[in-house]
Amino acid sequence: MNAKACLIFLMSLLSAPAVAQGFADLGTDAEGFAMPERGTTFRFPDDHGAHPSYRIEWWYLTATLTGEDGVDYGVQWTLFRSALAPEDGTGWQTPQLWMGHAALTTPESHFVAERTARGGIGQAGVTAAPFVAWIDDWEMRGREGRGISELSLSARGQAFRYELDLAADGPLVFHGDRGFSVKSAADQASYYYSQPAYEVSGVLHLPEGPVRVTGQGWLDREWSSQPLAQDQTGWDWFSLSFDSGARMMGFRLRDSAGGFTSATWIAPDGTTRSLPDGALSVSPLATTEVAGREVPVDWRVRLPEFGVDVEVAALNPNSWMDTSFPYWEGPVSITGSHSGRGYLEMTGYE
Amino acid sequence: MLLDVRSVTKRYPGTDAAGPVLDGVTLSMDAGQTLALTGESGSGKSTLLHLAGALDRFDSGEIHLDGVALSPLNDTERAALRREKVALVFQQFNLIPSLTVQQNMAFHARIAGRDDPDRLAELIERLGLDGFETRYPEQLSGGQQQRVAIGRALALRPRLLLADEPTGNLDETTSATVFDLMLDLVRDAGAALFLVTHSQRLADRLDRQLHLSNGRIA
Amino acid sequence: MIRATFLALLSHWRKQPVQFITLVLGLSLATGLWSAVQAINGQARASYAEAAEQLGLNRLSTLSMPSGPVTLDTYVALRRAGWQVSPVLEGRLRLADRFVTLMGVDFLNYPITVTPDAGQTDLTPADIFGKPGRLIASPETLTETPGAILPAPLIASAQVPYGVVLTDIGTAERLLDRHGEISRMLVLPDQAIDLPPIAEVAPSLVLLAPHGENDIARLTDSFHLNLTAFGLLSFAVGLFIVHGTVGLAFEQRRPMIRTLRALGVPLRTLTLLLLTELLLLAFLAGSLGLLLGYLVAAALLPDVVATLRGLYGAPVGGQLTLAPSWIAAGIGMALLGALLAGAQALAKLHRMPLLAAPGQTGWARASVPATRRMVPAGLALIAAGIACHLLFGGLIAGFALLAGLMLGAALLLPPTLALCLNLLARRARGPVQEWLWADLRAQLPGLSLALMALLLALATNIGVGTMVSSFRLTFVGWLDQRLASELYITARDDAQGAQLAEWLAPRTRAVLPIRYGETRISGLPARVYGIVDHSTYRDHWPLIASGPAVWDRVSEGAGVLINEQLARSDDIWPGDSVALAPGWSMPISGVYSDYGNPNPQVILSMDLLLARFDGVANRQFGLRIAPEDRAALISEIRDSFDLPASAIVDQSTVKAQSLRIFEKTFVVTGALNLLTLGVASFAILTSLLTLWTLRLPQLAPVWALGLTRRRLARLELLRSIAMAGLTAVLALPLGLALAWVLLEVINVEAFGWRLPMHLFPLDWLWLWGLALLAGACAALIPARRLLSTAPADLLREFSNER
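Protein chains in written order, with UniProt numbering: chain Y, 1 to 350; chain A, 1 to 218; chain P, 1 to 802.
Honestly, the hints are just simulated from the structure, not real lab data. Glycine included, every Cβ here is placed at the ideal spot set by N, Cα and C. One or more of the hints may lead you astray.
Here are the computed distance ranges between Cβ atoms for each label pair [stated by the list, open to error]:
#1 P:Arg710 x A:Thr173: 33 to 39 Å
#2 P:Ala118 x Y:Glu87: 42 to 48 Å
#3 P:Thr115 x Y:Glu208: 36 to 42 Å
#4 A:Gln200 x P:Arg710: 54 to 60 Å
#5 A:Arg157 x P:Lys348: 49 to 55 Å
#6 P:Ala46 x Y:Glu68: 53 to 59 Å
#7 Y:Glu199 x P:Ile193: 26 to 32 Å
#8 A:Arg57 x P:Pro324: 48 to 54 Å
#9 A:Arg57 x P:Lys348: 16 to 22 Å
#10 P:Arg14 x A:Asp118: 26 to 32 Å
So, partial list: chain P residues that the calculated Cβ filter (under 7 Å) puts toward chain Y [stated by the list, open to error]:
#11 Leu10
#12 Trp13
#13 Gly68
#14 Leu72
#15 Val76
#16 Arg79
#17 Pro125
#18 Ala126
#19 Pro189
#20 Asp190
#21 Ala192
Construct all of the structure, not just a fragment, from the sequences and the given hints.
Set out below in structure tokens:
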């Protein structure tokens, strides 16, 4: 077994059959992992940190940026946690495994790097206060006493690196029912909150040289123990920031039937509306061949309740994350009823 | 003229004191002619025969064989000339011990590219070698071995047959029979015969005789 | 023309089937022995390379700490600085009755893919990373440890090198009881940009560039060089046979060749045809030789593998696999050998005049001046070998010395034999004896090549035999000294170790802890042992050099002992000092012999060891007890402690094991030795057969003068035995010289230890008998042939001028 096989296995948990459906009500699954429960109140800063009793968790930051050269860029910084058992501790045999993904997208190029680490030895982890999420030398570090509202972010790979400063310009946003985000008709769910309104500035180091950039960032925090239902094959996830100041998060979980959609409308003042299955509709407009498979990189996204009918197009259709668990993730531009920029993530396209 | 030897001189290295083996020898032979060269041991007659057969080189003079001058020829050309035109019968028989009678007889003709089974069968019959075809030389008597050698020579249909004491290793009776047979076959084939012998009796039966003494034709 | 001529040439072999078989067999033997050695070496080298590949040693640089293990903190610090490194913790783990190398890696970052063999249950990350973890090993390793009580389930994977058990680093540190330790770190190929220098992050780490050959390949180099030298010797001896038969075949076909040329086949064509024939025969023999080589290699491989594993811990698979290059090399050697052996004959053919000049000498009759020229040539070769050794030193120069000595002596053999025969002839009584010696002398040039082969084979036998026996004698004595404790015991862990020591103290004369730390000395992995002051060491330890008050100095911590290998390789002796780690040198008080260990080793006081090394395991003890109490104590320990059967080892068991490994080490040498001798006897036979064709003219007059054929045959036999016996006598000094070189030069260079030379006259006597037997066997066929020669055939020699 090598690292890659390991990770594929771990990530496949995301779409693995929920073995212990019957235990969902008890709050734990058969292996003792905790299960998200509706109505749980978040406690900060603790909930910015890791939840080792849940099977999976991530800190997922995307940013749409514009350089002083006028070129559009996208940046991704993600830390995944995956637990083999609902325990924490120190030493090699701690059952917490970590994986980091970093990407830098330009209209022409898409740079990707990946890091993996074992928990318990200090190589990777997340502390709540002061907030630090790290793997190797990659860091997302909160300013002392400011939770996650002011962050410095860094990562580097073989051909790129970036250092960004982020400052939140709005409150945290809780998806679904006060952060209890349902993922299927069968009540698979996760805890899910975001900070969708970072003002970002910093420097991207590209092979051609450094570029100063400014733009907008969006942080997703999510943890759960069995997020996908048995027949769900993948998802299409959108985080859109409109020029009007409003934002929306929407996803579709694809399955053998019509799929499961969910969306959150975020007004310019930060107030939210969670929308149930079916309120959001997404349909591919065009596909492109990436890494030997057809991936839709042009979408029609409609949220009739808020008059949204937009076309979402990839900045760089080749934003393929050639990592252990490959997927598509990249910045998009929005035209139609609303205009703006955002991020698109698609998994499960074989 | 089939063979034309002009003023040929031959020395062996390191034998200067004894003078040349051949000293300005001149002779000629026509096609179909038979010639006997007599002389005492060491008179140079075998050497002259070797020279005529392009087996060895001479120091001066010239030999023409069927119109071809021998001295300018290189080893390969000399080998080709031997293969094509000259057949040899030696006192020592010189059969190939690992080949059968039939294979030995066919051998020279075959390497010259003139394999003729009918001719071979005829020769085997005339040489009285019926029933010995699959024997090896060592299983034959001396007379039989020499008959095989004669057969090998004539199977080639040579222009010139060189024979060096062909019956020297045979007893008198056998010697006479073998010699008669050889002479008959040579005449029938229309070949020329250059015979080296010390036997006046054999020499008398040929068209011409020459006597070699101290390297000169007497 | 070509076809007919070629068939005529080939027809010779139909008439001479024995000659044909001899030629093919000779070349097959030569190729076979050479190929066998190559197959064995190739197999071992491939195993090393595979192991290096699988362990990531050949492509990746490694980082390690010269003073000991890398700490987990250092690893994390490097990681947090952005360096992509992958940790490896390595140690010895006992499975059933043998040790394996346990290699702990972080599977999340390990750059080499290891997948379980088909048919194994699927592994989940929880299996790998959790407790008890999984042990992954090659199926071969698994089959060799049947019934072992395993600390974790075993998974078979052919991708793991033999003798290595791969596991997660978390499992490894638990099983090895080395928590938080990392032996080395692999520097992964894809590093990020703008990284800080490693020296800034972790100043004391040492970066080793990727190396194609690992420690094992380097250690075993000398072993393989030894084998190669033997293979080459066998091949050379085999070529003597080929030379003999090819020469004979040309000689016998000389009249045929002359006739063919007289009949007009150009010399060029003939030469080419003979060359073609030779190459065809070589190809045939080469193919046969490969088959033979494969069989020999397959038969010897288990012992070689046992040696390599036992002596070096080298991971060598026991399954012989054949590379295409091996086949090509084998055939190539056969063709080259045949050309080499036939070159003289072909050259002679090319120079041969069409007409035989009177008194033409046969190929086998070298002229007297040629024999005389051998004296300066032989002396020059020996001098060159000695010069090479003196000027350059090292293992290769050592072998050059051997080669010079052997070849020079071989060249000196014919003149020496001629001298002996002259002396004998002078003392001869009666005409028959006179004729016998004269005849022998006349035959000497024709036989000399075969006799040289015999000389080399015999001398090698004596030399190698002396070395092995000397080594054995020394080794046994050394084992007696070194293994002074009656019992050796290994606890499960440190806690049990402490318990055991306490419990054992009142029940034994002494409990001697065996504890060590690992370091690198002169770039090699080395162990530093700590000892308590006890008379066992003072009385028994096999010191070969010591300064004043050596044991007092060691127990005071004022000096250390080093093993002979280290002393010789670095030329450091009592009075000098040795660097045990950066910034830590100790004066040397003594040097001890340490056979069978390829690496440096140091002994110092226990206090010093514990002060300098962290986390030294305390699990092994030597127990001094009255020998008769052994059984009782063993059963008492078993009753009181939860220990596997293999944890308590009797002194005699250890000795037996060590001796077994030792014996296996030289099984291959012995087998090659014997095969070489066989080949040499065969060479004599072929030479005698070659000469036989030239014998009749020489024997016929003797026969005519009144000797019976029976007597002549007896004399033939006697001649051959005399020659072989004389050669064997001359081989003795050469063999002893060889033994001296092996012990004083080759062993020191190859293994790092010098051994005293012991003499074994009984072995020589046995070998001498063997040589006489070889001579007799070789002459048997010619003698029998002579007996059955008809008088008429002998008479014909007179009637036929030849």
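(Q) I'd like to know which numbered hints this structure contradicts. Please list them from smallest to largest. (A) Checked against the structure, the hints that fail are numbers 2, 4, 5, 11, 12, 13 and 19, while the rest are satisfied.
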